[in-house]
Amino acid sequence: MLALSGVGKAFSNGIVALAALDLEVRRGEFLTLLGPSGCGKSTALRMIAGLTEPSAGALTWAGGERPEIGFVFQEPTLMPWASVFNNVWLPLRLRGISKAAAAASITDALALVGLADFAKAYPRELSGGMKMRVSIARALVLRPPLLLMDEPFAALDEITRFKLNDDLLRLKSELGATVVFVTHSVYESVYLSTRIAVMAARPGRIVSQILIEAPLPRGEEFRTTALYNERCRAASQALMEALSPEDRL
Amino acid sequence: MLALSGVGKAFSNGIVALAALDLEVRRGEFLTLLGPSGCGKSTALRMIAGLTEPSAGALTWAGGERPEIGFVFQEPTLMPWASVFNNVWLPLRLRGISKAAAAASITDALALVGLADFAKAYPRELSGGMKMRVSIARALVLRPPLLLMDEPFAALDEITRFKLNDDLLRLKSELGATVVFVTHSVYESVYLSTRIAVMAARPGRIVSQILIEAPLPRGEEFRTTALYNERCRAASQALMEALSPEDRL
Amino acid sequence: ALDKVSFGTNWFAEPEHGGFYQAVVDGTYAKYGLDVTIVQGGPQANNLLLMIAGKIDFYMGGNMIQTYAAVEQKVPSVVVAAMFQKDPQIIMSHPGEGLDKFEDLTKSPIFVGKEGLASFFLWMESAYGFKEEMVRPYNYNTGPFLADKKSAQQGYVTSEPFAVEKQAGFRPNVFLLADLGFNTYATTIETRQDLIDKNPDLVQRFVDASIIGWYHYLYSDNAKANEAIKKDNPDMTDEQIAFSIAKLKEYGLVDSGDTLKLGIGAMTDERMKSFFDKMVKAGVVKADTDYKQAYTLRFVDKGVGLDLRPK
Amino acid sequence: MSEAARGSAGGRVLDVILPILVFLAAVAGWEAVVRIRNIPHYLVPAPSLVATTLVSDWPTLSGSLWVTLKVTFSALFAAVVGGVGLAILFAQSRWIERSFYPFAVILQVTPVIAIAPLLVIYLDPPTAVLACAFIVAFFPILSNTTLGLASADHNLVDLFKLYGASRWQQLIRLRLPAALPYFLGGLRVGGGLSLIGAIVAEIAAGTAGQGSGLAFRIVESTFRQNMPRVFAALVLIAVTGITIFLFFTLLTHLLLRHWHESVRRRDT
Amino acid sequence: MSEAARGSAGGRVLDVILPILVFLAAVAGWEAVVRIRNIPHYLVPAPSLVATTLVSDWPTLSGSLWVTLKVTFSALFAAVVGGVGLAILFAQSRWIERSFYPFAVILQVTPVIAIAPLLVIYLDPPTAVLACAFIVAFFPILSNTTLGLASADHNLVDLFKLYGASRWQQLIRLRLPAALPYFLGGLRVGGGLSLIGAIVAEIAAGTAGQGSGLAFRIVESTFRQNMPRVFAALVLIAVTGITIFLFFTLLTHLLLRHWHESVRRRDT
Ligand SMILES: Nc1ncnc2c1ncn2[C@@H]1O[C@H](COP(=O)(O)OP(=O)(O)OP(=O)(O)O)[C@@H](O)[C@H]1O
Ligand SMILES: Nc1ncnc2c1ncn2[C@@H]1O[C@H](COP(=O)(O)OP(=O)(O)OP(=O)(O)O)[C@@H](O)[C@H]1O
Ligand SMILES: [Mg+2]
Ligand SMILES: [Mg+2]
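Residue numbers (the numbering used here), protein chains in the order written: chain R, 463 to 711; chain F, 463 to 711; chain G, 59 to 369; chain U, -6 to 261; chain Y, -6 to 261.
Hints in this document: simulated from the structure, not taken from any laboratory. We treat Cβ as the ideally placed atom computed from N, Cα and C, and that holds for glycine. Honestly, I wouldn't trust all of these hints.
What the hints assert, rightly or not - If you want the footprint, here are the derived chain U segments under chain R, 3+ residues with CB under 8 Å:
(1) 150 to 156
(2) 162 to 168
Unchecked claim - Listing some non-contacts, in silico: residues in chain U with all C-beta distances to chain R over 10 Å:
(3) 17
(4) 25
(5) 33
(6) 239
Make a model of the complete structure from these sequences and hints.
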């Protein structure tokens, strides 16, 4: 679907966020970026979404064109002047879909994240986790072929998180969507992904990749399989190695 | 140290964030609030800090007076116009401590969170996790007797997180500080706390408490003890029960 | 049909414009085939510019200085008649404060407006030794003058002394500049050179009718004209109008000197030259200005309306 | 910031009563100074005299007030349309902004008094008056709206870009709402300036005959030393200005109360 | 928003050249209209004639410019001190704000022309001029700063409260920095208004004798139908206005470039 080859990103303050990143995103896969804070995960996602230009290397899309994308930013990024309902409506609205036509999808998306009762609330009336869930609903409401998610579940309790993990996998299969995901939870990454790319920081680069060869969607029982345990260990190990000695605080 | 008795909080939009909350915070303990998103954890912390007035019930401080508090908000809440260094300086500065006198503490705090190299950077040049770490450094620089931390490590990778967990416990013992902590990670809550209060939502209330009778600080090996495993299970169970059927998405 | 003509004054409607209003309301203009609209002026209105630009046909000039300046700038505007033989411009001062002689005023603060500073005050400097440093800004408000007993102020003989008397209850010393040597014509009728060239008959008719209007305003029933003035300027009072008319007559502003033989509106080359020389001396205009371009005697001095003057 | 006042009903009542008390005190002080120091009414009339004049001259004054109000609101309307329109135009490209903003600055600093006579030549008088009033009032609205349009949260801009928002959609759904607090701030300045503009324009474009607004009343009454009437006219202007200001303050509260820090009352 | 221009060296050059080209085109257009339609110089002079006049009358004009500049900068200084000072005072308590803001509005909408004569009685002339110019210029600064002080992020306010910041510290370390973008916006409006204020003040309260600033030059030259000189004075005013504006724009960039959306160039 997409290939990043030799992609680098240097900010004007001299920080090299990414250096010579080679990464292929395959259609239908669930790819997770795992890596220490500040290693360039968000920068990579933003680049895929076309919000940041690479300062070296190139992005190549399979169809020649960037497909429709749903993006959950690391921060909720809600419009403070709009109600929850209108915030979720936004991607549809920008496509010219009327409130009436969009209402069912919006209500569904809000129900999915457990905020059906809060459609009329304003962002400032929500807790941190609730804001993030609105942001997730907004990304899903479009049912896009490519989903970019930057730590979407970090602010949620584990039970809700597990539930949403399963919902996400179900939805992904339903849509046949491709997902590029960022998380700090090794367990979550192994549970969700078909592939994990482990990154190291300064300069941001990929140091190892881990394949999880179990079909999607997976159920609770997957967490008890040997494959799951082995891959969790491997990912933890890779993450540990990705931390350079001085980064290891 | 502090007792909340029958504390309620109703916002003007009608949402009852807390109802009849009874909670005692004992000197020197490490208390974790665990609960689903939107159950009122942040509201409770803000109330302890005096940033929100209870609409019912009362807060009573042991000494009659609120002690010095270090607070890590759920959002980084940095001053965008100030460098990382100056952001961390703030609590000291407000106490009249000069830059020179504060420099050593600030450098220490930044080193603790792994941002020694970023003292001159501005918030907008940082990644999400890095901003949160600045916020943690700012709360610790005061070395306060009471620390309130609202999901401080949610945006960090697991290895950094483990490391900071240990640092926090060490610091807490060093200072003899009391900590009230919010996390969504059951494992983290058990590893860190001497007590866990599990909350349920709408109205926010405490549904059960779990004691972890192991001395602080604890080492890596604690994660392999039977007590740890049992308490993790108990906390997960309590959290599950705290989710009302309709909240269970 | 009547020729449509517009006439711009240089201030809000007041008895100093009485003759023109008289000619409008008593049908004199109509009799001369004119349908005249009077466009009021005001403190910032620049009806002169409108006349030059062709938006209006005639303009009521204050005194000759501005006309000389116009010639300097090669502006083709020409004075065709002068309704006032004397400029009503005065300086007034508080009585009994050692300011009872005009010469005394040079040492006192004096309130003068911006235009005054660019015109008659320059003459006062050269002829009487007034000093710019003593000037205080005058914005058509007599309050500051009343508040400072040691001060003097510009004004119109027909207007400010009345206000002072009415508000503060005393009669100020009044020095009419015209009687002290400031011998400009005033309340002139100006128009563009091209109108004179193309339609001298129209100009002649307007001048003649205006002159007759002035005779009627001064010597016949002027009630309707005053009503018209009050309609244009509702702040005008009957008392004020009576005062103004009395002063117009008392000082012979309109009808005195040359007009007794030549009729109202009279102008002579001698007066023009004399005043021009004074202004050159005062530094108001350059000596090489061709001041004769500023006026023409072609339309006046014909004794129009002399018969309307009571014997 | 005043914590004591927040939310309590007593605070709310004081909110209204205190300003009125202060205002009455100011008026009483004025009356007292005039009486004690025996200031003649042709310099500064006492408020009581001004009030009497206001009543007795109401027929004249109300007509003038109406004329001035018409110009004020037309000017305000023109300033809003022109200021916001230009700000939107400038937001389209930095080149347009850089090339044409200087002209807006020139327009702002040009003394209307100086150019009004020219405008009167080329425009009919009512239009000239409106143009003058517009010149006086539009700049704060332009300036604040431009600032507001540029201040939209960059993360939201990214979001809109991502979802393929057209320039127009970005403007309507993002930049304009984000600019609202700034725009309303500009409006509170511009409202007063429209009033000033209407008065200056009336003096500058000098159409005494046709529209005798409050400016004409003031100039003519000054000339007649009728200071009580001058002050009565000034009182009308002040009341108009405060009314416009209060209206926009109320509007700001209504439009922003859900989300903007400047008017949000926080639940604490 | 103009992506093509961002950052590229070519874009930067165009940034400077394009406005200059547009400006030259405007001047050329003016010259052409005057020549083709044969507009006489005593109505609207051609720019070439204005330029000649500017040179030939420079000795007179430069003196007046200097006088006007002095008043402008004193007024601006007074407006900044007064506007920010009042805004800070108003931020101290809602009661103070509610009680005294109306007086600020009254001051804003009072036509200086009407009250200048009174000021001249009670103040010495230079002070009266300054007071008039101040009245014209201070309100946008007050209004924007008030808005900015109120717009500080509530979470940061909480943080300051938590750390026991005194009112003064909260002001200095939080509210003032947060208000900076708003204040600078007000300054860009107020800069132009100070200039306007200096001119209006000179007309209203100025002692033409001593200080013959550009306003007097314009009145005098209008009286003498010396339109080229009127326009030359207007050009000086426009240039001054643009210079002040550019200066404040630069200042804004320097002060805000590290953090505020409105001037930040984003790394993309
Ligand atoms: N706008 C910017 N200007 C300068 N440097 C930046 C900017 N944005 C990010 N950086 C730097 O780029 C690096 C990578 O940032 P990025 O946000 O991609 O990290 P991340 O992997 O998402 O981290 P986290 O897990 O903490 O969110 C960091 O070192 C950061 O300081
Ligand atoms: N300012 C506010 N106005 C109205 N309602 C609010 C406000 N702040 C919070 N709430 C409501 O109060 C409830 C508790 O919010 P709180 O932020 O305490 O939750 P939380 O437990 O911290 O959740 P999370 O884990 O998602 O951060 C939520 O239902 C929220 O909608
Ligand atoms: Mg990130
Ligand atoms: Mg929370």
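Are three or more residues of the region 162 to 168 of chain U within 8 Å, CB to CB, of chain R?
holds (count 3)
Any Cβ of chain R at or closer than 10 Å to residue 17 of chain U, or is the non-interface label fine?
39 Å, holds
Practice prompt. May I ask you to check that residue 25 of chain U keeps its beta-carbon over 10 Å from the closest beta-carbon of chain R?
Written response: 49 Å, holds
Next item on the list: May I ask you to check that residue 33 of chain U keeps its beta-carbon over 10 Å from the closest beta-carbon of chain R?
Entry: 56 Å, holds
Non-interface claim for residue 239 of chain U, where every Cβ of chain R lies beyond 10 Å:
Holds, because the least Cβ-Cβ distance between residue 239 of chain U and chain R comes to about 23 Å, which exceeds 10 Å.
Q) Quick check: the region 150 to 156 of chain U, covered by chain R? Criterion 3+ residues, Cβ under 8 Å. A) Answer holds; 6 residues pass the 8 Å Cβ test.
Checked against the numbered hints above, the structure violates none of them.
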